[in-house]
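Residue numbers (this note's numbering), protein chains in the order written: chain A, 1 to 293; chain B, 1001 to 1286; chain C, 2001 to 2345.
To be clear, the hints were calculated from the coordinates, so they are not data collected in a lab.
Just to be clear, a hint being listed does not mean it is correct.
Label-pair ranges, simulated between beta-carbon atoms [stated by the list, open to error]:
hint, chain 1, residue 1, chain 2, residue 2, range
1, B, Ile1019, A, Phe24, 45 to 55 Å
2, A, Ile35, B, Asn1046, 51 to 61 Å
3, A, Arg100, C, Gly2255, 54 to 64 Å
4, B, Ile1024, C, Thr2200, 52 to 62 Å
5, B, Ile1092, C, Asp2070, 27 to 37 Å
6, B, Ile1019, C, Ala2220, 53 to 63 Å
7, A, Tyr152, C, Ala2108, 48 to 58 Å
8, B, Gly1184, C, Gly2255, 49 to 59 Å
9, B, Pro1197, C, Ala2167, 54 to 64 Å
10, C, Asp2070, A, Arg100, 11 to 21 Å
Note that the structure is predicted; figures quoted are calculated from it, not measured.
Cβ coordinates follow ideal geometry from the N, Cα and C atoms, glycine included.
If you want the building blocks of each chain, they are given just below.
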Amino acid sequence: MKRAGFSNRWLPILFLVPQLAIIFIFFYWPAAHAIRSSFYLQDPFGFGETFVGLKNYTAMFKSAAYLRSAWFTVIFTVIVTFLSLSIALLLAVKADKVIRGAKTYRTLLMWVYAVAPPVAGVIGLILFDQSWGPIKDFVALFGWDFRLGVDYFDTAFAMVTISVWKQLPVNFIFFLSGLQAIPKSVREAALIDNRSASGRFWDVTFPLLAPTGFFLLIINITYSLFDTFGVIDTVVKGEPGNNPMTLVYKVYVDGFRGNDLGGSSAQSVVLMILVLALTIFQFRMVERRIHYT
Amino acid sequence: MSVSKRFRWSAVLDHSILIIGSLIMILPVVMLLQMASTTDIHTMKNGPGLIFGDQLPVNFEKAMFKADGFTGANTGVRMLYNSMILGFGFAIGKIVIGMMAAYAIVYFRLRFATLAFWVIFTTLLLPLEVRILPSYEIVQRLGMLNTYQGLIIPLIASATATFFFRQFFRSIPEELVEAARIDGAGPIKFFVDILVPLSQTMIAAMFIIMFVYGWNQYLWPTMITTEEGMFTLVRGIKQITQTLEGTNLPEYGRSNLLAIIAILPPVLIVIFFQSWFVKGLTESDK
Amino acid sequence: MAQVSLNNVRKVYPNGFEAVKPASFRIEDGEFVVLVGPSGCGKSTMLRMIAGLEDISDGALTIGDRVVNDLDPADRDIAMVFQNYALYPHMTVAKNIGYGLKNRKIPADQIAAKVQDAATMLNLTDYLDRKPSQLSGGQRQRVAMGRAIVRDPSLFLFDEPLSNLDAKLRNQMRIEIKALQRRLGVTSVYVTHDQVEAMTMADRIIVMNAGRIEQIGTPAEVYHSPASTFVASFMGAPPMNLLTGRAEAGRVRVGNIMLHQHHEDRDLTVGIRPEDIIPDTHGHLEVEVTLIEELGAHRLLHGQMQGHPLTIHVGKDHPVETGHIRAAIKPNAVSLFDPTSGVRL
């Protein structure tokens, strides 16, 4: 970086040390620890550990619970991402279009960002409550006997609904900001070239939103994988049992409650590789995006 | 862009969609409020409804001053206090450390600058959830369980703020540094007198995002705080839902009001500082 | 090809600000009309109302024989060239040019042919497969024009299309646009803040100021017979000299120098163009020259007369020096204006 700057030797090091120290102690050390633990089997009484090579990994991939969880994670991620992105896009397009009340709508649609995931989970528990949950009562009208915490599908449905609700504001904010970044004159040129509003949207607006959309895709995938912990933990009321859970939640359950440190670490490592791949993918695409404009 | 001020059906549709969307966002929390305003017996029998009761003050008192659990320490007030410390501590810690690190990387010729950059960068790759257990062990070994430091410091081990400030510093014209050097300002003076004031908006934006993030932490506080006096509001929710299960007459009023108190400060900050918040969000993730 | 008529067309914003005061004028078929004025005078708003990008608060706008107040921009049979080109960044040049046609259900082979024609006319054939980000400013401007031409509309609208180009390119494009319009014969409305563009390109000029039309006329009319002090000082560079004077007993005086005749006794503003003042040892104007601007082909002498700043335009062969000189005014070169309203007397 050929930039103007200062030439002190020790000051920058001093300034960097706090950040680096914290990172080493609370990031690299645990990460290394997790990787190491994944190759060991812990003695249940805590007396020691045996090196088992890749056994934890093979056991994991063969375990029905793991595969079920992996499968759920994939579907959960796909559905939550798709729903929260498309609904947020619709809302953003409309919010950008209206003139009266635009600011109010924006505030009303974005504040849920600040709601903590467990609180979203509590709301879910109420909405789907066995005795009087409004949504439970509503779907009962159609003959659906909703059983939260008992039926796998129903519980998954509740988790998806709440997660989408919680994620809408972020997507909304980014889409709206992306829409506002499209030069006004380009949209006016489209007004002159094309009388159909939906034509203008698909031909001009949507392609220009694609970089934002792509970026959001990655964010949403990350969200579905990791930030839904609070929602899931609350909805299962702390009793995972046979409930749907994401891979991240399973890491917690197996490690912290099941005391299977080795297996849990192996799961962590697999997730680490996944996230690594995702982030590399994202940065590659971002590089391409810069050539776009 | 308006094309005509005439009445248009498309405008009606647009507003309808937006109103429905807004209602979907608001109603769940209104529902919580309604449940906190009725007696627990009423709620247990009927669930949420449309009519507001008059129990809000009563439930508020319970929420703030009553504690469950064994030590009686996790009153609403105490949890609020802990949440504040977590929120502020985390935000301030992140900003200070992040700014300093970004400053070092951008404005100095460090031989290992690129290495430091990548070291910091990789922390973006692994969210806390993935390294939760070993992190717990280390914190335990350092004797930081059930402490504020244990709550706050490990969360700072990610690069978001550093990146954000690095990006911002790089966008500041280089001539400023050169002018400062000619004026005789050393690196610390430059940082304190020029850079920090210039970064005010960015700091505000970061503060809001980080405060909300810290305040809303759930997994980490759940793991490392077992003493009830150290519970934050959000962590306390777990306790609340568990008591909802256990007792004959769950305290719906108190628990729902606590949930609302748990979300109130971040929500208010995000609403009142909307422009800074949006700025921080959209510029920090790129 | 069409005429455009505005009948008391007015623009008021919800906060009460009147951007365009009721305006009425007619543009003939095939005419090139330039709306010129300083920033904020309402010229762009006027253009955008014609385009349909702004609502018309009052009055009627007619294109051809239709009243188009309530028509969508895409239905008015117009094409527009924007100041910053407004090209679709994600489409190639060919797609950009052809997009308007595609939406009017013209068969693909015809579109291709028309795009090719427009590209040839504008020297863009080598760039048809490029994206706007790969083009220079001038090339982008041509693509914007190609997009407008290919539609063969009744009306061309230009919103300060040359403002973002460097001076040399601007001069070149001015000529190209004018030639193109002549060739195609399409009625055109062109907005600019540059009075040189207005003078060189327009069949007729509409000078605007603070939402009001100050004058409509040919370039010659606007230059030689400005309808107000605003038009007098806005059009022409350097601007017309404006001096306070007084008419008494038939004589118009500035200070104690008589310049002109006027039948009414009153205060007034006297306007004289710099090139209409000729240094003349026998002239009755006494000017103290303090600064000389050397422009190569001609020179500007800046000085004072009777306490007023005065600029004199002389040719390159004329000897110049600062100091006291005498000058005369060409006959019929004096304009008189009301000192308060600025209106021509």
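Here is what the structure says about each hint:
no. : hint                                 : result
1   : Ile1019(B) to Phe24(A): 45 to 55 Å   : 51 Å, holds
2   : Ile35(A) to Asn1046(B): 51 to 61 Å   : 53 Å, holds
3   : Arg100(A) to Gly2255(C): 54 to 64 Å  : 59 Å, holds
4   : Ile1024(B) to Thr2200(C): 52 to 62 Å : 59 Å, holds
5   : Ile1092(B) to Asp2070(C): 27 to 37 Å : 57 Å, violated
6   : Ile1019(B) to Ala2220(C): 53 to 63 Å : 59 Å, holds
7   : Tyr152(A) to Ala2108(C): 48 to 58 Å  : 52 Å, holds
8   : Gly1184(B) to Gly2255(C): 49 to 59 Å : 57 Å, holds
9   : Pro1197(B) to Ala2167(C): 54 to 64 Å : 39 Å, violated
10  : Asp2070(C) to Arg100(A): 11 to 21 Å  : 20 Å, holds
The structure fails hints 5, 9 (numbered hints given earlier, in ascending order).
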